[in-house]
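Asker: So the chains spell out like this:
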Amino acid sequence: MDEQTPQPEPSIFQRMRKKLVPEGIPSDDRGRIRMVVGSLILHIHPSKVEVSSLKWTYTWGLGGLSALLMTILGLTGIILLNNYTPAAPQAYFDILELNSNIWFGELIRNLHHWSANLLIVVTVLHLIRVFATGAYRPPRELNWLIGVAMLLLVLGANFTGYLLPWDQLAFWAITVGTSIISYIPLIGGWFSNLILGGPEVGANTLLNFYSMHISFIPLAIFGLMSYHFWRVRKDGGLTRPKSANQIEDSKVERVTTIPHLVHRELIFALGWTAALLLFSMFVPAPLEGIANPALSPNPAKAPWYFMGLQELLLHFHPLVGAIVIPGLLVTGIFLLPFFDLHLDSVGVYFRSHRGRALTLLSSGIALIATPIWVLLDEFVLDWTGWLSSWNTLLSNGLVPLAVVTLPLVLLDGWITKKYDANTEERVLFVATFIFTAFLVLTVIGIFFRGPGMSLYLPWNMPVVTH
Amino acid sequence: MTEIAVQPQPVSRRDFLKIAWAILGGAAALEAGGVFLAYLQPRLVEGEFGSIITAGLVDDFPPNSVTHIPNGRFYVVRIGDGGFLAVHHRCTHLGCTVPWDQTAQKFICPCHNSQFDQKGVVENPPAPRPLDLFELIIEEGEIKVDTGKILQRQTYETAQVVYP
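Read top to bottom, the protein sequences are chains A and B. Take the first sequence: its position 357, counted from the start at 1, is 356 in numbering that gives the first Met the number 0, and no numbers get skipped. Take the second sequence: its position 20, counted from the start at 1, is 19 in numbering that gives the first Met the number 0, and no numbers get skipped.
Derived from the structure by calculation, the hints contain no laboratory data. Certain hints may be false.
With the C-beta cut set under 7 angstroms, the calculated list includes, among others, these residues of chain A facing chain B [unchecked claim]:
(1) Val175
(2) Ser191
(3) Leu193
(4) Thr255
(5) Pro258
(6) Ala293
Far from chain B, by Cβ distances over 10 angstroms, these chain A residues were calculated [as the list claims (entries may be wrong)]:
(7) Arg239
(8) Pro317
(9) Thr391
Coverage of chain B stretches by chain A, computed from C-beta distances (three or more under 8 angstroms per stretch; other residues unrestricted) [unchecked claim]:
(10) 71 to 82
(11) 107 to 113
(12) 120 to 130
Keep in mind the model is a prediction, meaning the values are calculated, not measured. We put the CB at the ideal spot given by N, CA and C, even for glycine.
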């Protein structure tokens with residue numbers, strides 16, 4: 000009788016390895032589909048994706064890049080916590096220590112700083128991409144709202160993080176930025192007191208901002224991000240790109256997520272991570288002298304992403320410049336998908352050939368008109384002088400607001416009449432105009448404002464001493 | 000035509016419970032909100048900004064002078080006729096610290112070029128109102144300023160001036 004050679008029992012290590020280490024990517028489509036469906040993280044994706052939605056120049060990978068930056072920010076943020084005390088003035092000395100005495104401390108801080116700044120740019124570009132391709136239309140309205148909410152949270156994360164180094168830059172940017180809060184009617188003073196933990200930026204403010212920065216805001220962003228991804232799937236995936244000449248959808252062609260989507264994502268993430276690391280190795284995050292409440296630097300500027308707002312404040316009564324206009328803008332952005340309902344042009348950049356022409360026209364006019372208006376208001380217009388008997392809220396607020404809104408209303412009427420523009424083209428025209436104007440104001444605020452917030456050419460800017 | 004007599008309908012048990020839940024739930028939410036807001040109220044530290052600060056003796060301040068008391072965040076302004084004002088050093092526009100320009104005899108804000116005269120009245124916008132005041136008391140020849148309460152004002156009035 001032949002004895003069968005007994006199979007050796009797998010060792011405990013072999014059994015562990017089998018359970019813990021993936022066995023590699025299956026070579027057949029069916030196995031790859033099963034792998035996506037069975038995986039927690041990969042299951043964010045469908046098992047198959049449409050070839051057309053992989054087109055790089057349609058999405059530019061902006062949503063994915065935002066998620067990558069959030070991940071980098073989370074990881075670097077967690078380890079930065081180990082070398083930081085949220086107390087004044089210790090916080091500042093901790094940053095000095097981080098920069099000089101801690102292995103890779105400066106690199107980690109730079110990486111966190113630059114990723115955070117890039118995140119603002121990328122999320123705004125993501126919003127523009129979705130707007131430009133009409134990708135927020137039904138059934139995707141809710142995901143637009145979640146996205147805008149996350150953009151506001153990203154701004155909040157950046158703003159609260161801005162204070163943490165406790166240097167002059169941080170202290171005065173936050174002082175100027177939070178003073179805006181006190182102009183909210185009725186509750187402004189009370190609310191500002193609550194957020195600052197007192198009448199002015201101080202040790203309590205640092206602790207309040209720190210707690211928001213490391214707990215509430217990142218948790219809220221993480222929750223909304225998960226919801227955002229889930230909704231992309233529920234709303235039927237990405238919108239499909241179309242050219243302006245093509246009204247009918249092309250034939251739907253699907254490929255497996257592994258490797259077609261996952262590999263692209265990996266290469267994209269690796270490329271950006273490498274670029275960020277290189278940038279952070281060579282470009283240090285700014286750090287000025289320790290915060291000095293008795294000495295305002297000249298000029299005192301808000302963080303760069305709020306310089307458009309600060310520029311508005313130079314031209315309007317604070318209630319109008321800091322509350323009414325931004326409030327209307329944010330409300331408008333939230334409501335966009337509810338009055339832009341045409342579905343045929345979803346996936347076409349700027350809706351149509353005419354839409355493209357109108358976008359160019361609109362941004363061109365705004366590009367020229369905004370600097371002219373800034374110069375006029377700076378040197379010629381003197382609302383408070385001309386209407387000196389009026390309340391400044393009227394003379395320096397609502398009257399100039401009406402004056403700058405009127406040309407936009409007239410332009411909108413003109414394109415409706417002359418080009419017979421429909422609702423979607425009018426929305427495109429007006430939104431492009433406002434966005435370009437705001438961008439121009441931001442650039443003026445960052446590069447053209449010098450001591451005393453007077454206008455200078457960037458190459459003639461007086462050297463600022465702190 | 001039959002008429003249906005409209006009788007006052009007693010609240011059904013289901014409706015009563017629904018309303019009771021809504022009221023109790025609303026009350027609990029309000030309480031939780033109140034606790035949350037009360038918990039977050041600013042904490043004050045004794046002896047620092049927010050408490051009563053002694054600026055000096057009356058005679059330390061000559062008439063027509065402006066003296067910065069940085070840890071109290073205010074200027075002691077003694078106007079020409081010998082009266083005192085405690086002027087908050089924070090610009091009413093966006094909160095920058097306003098330095099006193101001795102040659103121009105003005106407060107000039109470095110951030111947005113708001114200008115104020117010696118009494119804190121706006122000479123040049125964008126500041127929307129005069130510099131705020133603190134309550135100033137003269138006790139046994141000492142100038143004491145209560146920095147706990149910021150007094151906002153729309154105009155300058157002689158009643159704001161304190162005389163020794």
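Asker: The hint names Ser191 (chain A) as touching chain B; please verify it with the least Cβ-Cβ distance against 7 angstroms.
Answerer: Violated: closest Cβ of chain B sits about 9 angstroms from Ser191 (chain A), beyond 7 angstroms.
Asker: Under a C-beta cut-off of less than 8 angstroms, do 3 or more residues of the segment 71 to 82 of chain B approach chain A closely enough to confirm the stated coverage?
Answerer: Violated, because only 1 residues of the segment 71 to 82 of chain B bring their Cβ atoms closer than 8 angstroms to Cβ atoms of chain A.
Asker: For the hint on Pro258 (chain A), just tell me whether its beta-carbon gets within less than 7 angstroms of chain B.
Answerer: violated, 49 angstroms
Asker: Looking at Thr391 (chain A) again, its CB stays over 10 angstroms from all of chain B?
Answerer: violated, 6 angstroms
Asker: Beyond 10 angstroms from every Cβ of chain B: is that where the Cβ of Arg239 (chain A) lies?
Answerer: holds, 44 angstroms
Asker: Can the hint on Val175 (chain A) be confirmed by a CB-to-CB distance to chain B that is less than 7 angstroms?
Answerer: holds, 5 angstroms
Asker: Hold the hint about Leu193 (chain A) up to the distance rule: shortest CB distance to chain B must be less than 7 angstroms.
Answerer: The hint holds - Leu193 (chain A) has a Cβ within 7 angstroms of chain B, the shortest such distance being about 6 angstroms.
Asker: Does the closest beta carbon of chain B sit nearer than 7 angstroms to the beta carbon of Thr255 (chain A)?
Answerer: Hint on Thr255 (chain A): violated, closest Cβ of chain B at ~49 angstroms, above 7 angstroms.
Asker: Three or more residues of the segment 120 to 130 of chain B near chain A by CB distance under 8 angstroms?
Answerer: holds (count 3)
Asker: Say whether it holds or is violated: Pro317 (chain A) keeps its Cβ farther than 10 angstroms from all Cβ of chain B.
Answerer: Since the minimum Cβ distance to chain B is about 6 angstroms, Pro317 (chain A) lies within 10 angstroms and the statement is violated.
Asker: If you look at each residue in the segment 107 to 113 of chain B, do at least three have a Cβ nearer than 8 angstroms to any Cβ of chain A?
Answerer: Holds: 5 residues of the segment 107 to 113 of chain B have a Cβ under 8 angstroms from chain A.
Asker: Given Ala293 (chain A) as an interface hint, is its Cβ closer than 7 angstroms to any Cβ of chain B?
Answerer: holds, 4 angstroms
When the structure is compared with the earlier hints, violations turn up for hints 2, 4, 5, 8, 9 and 10 and for no others.
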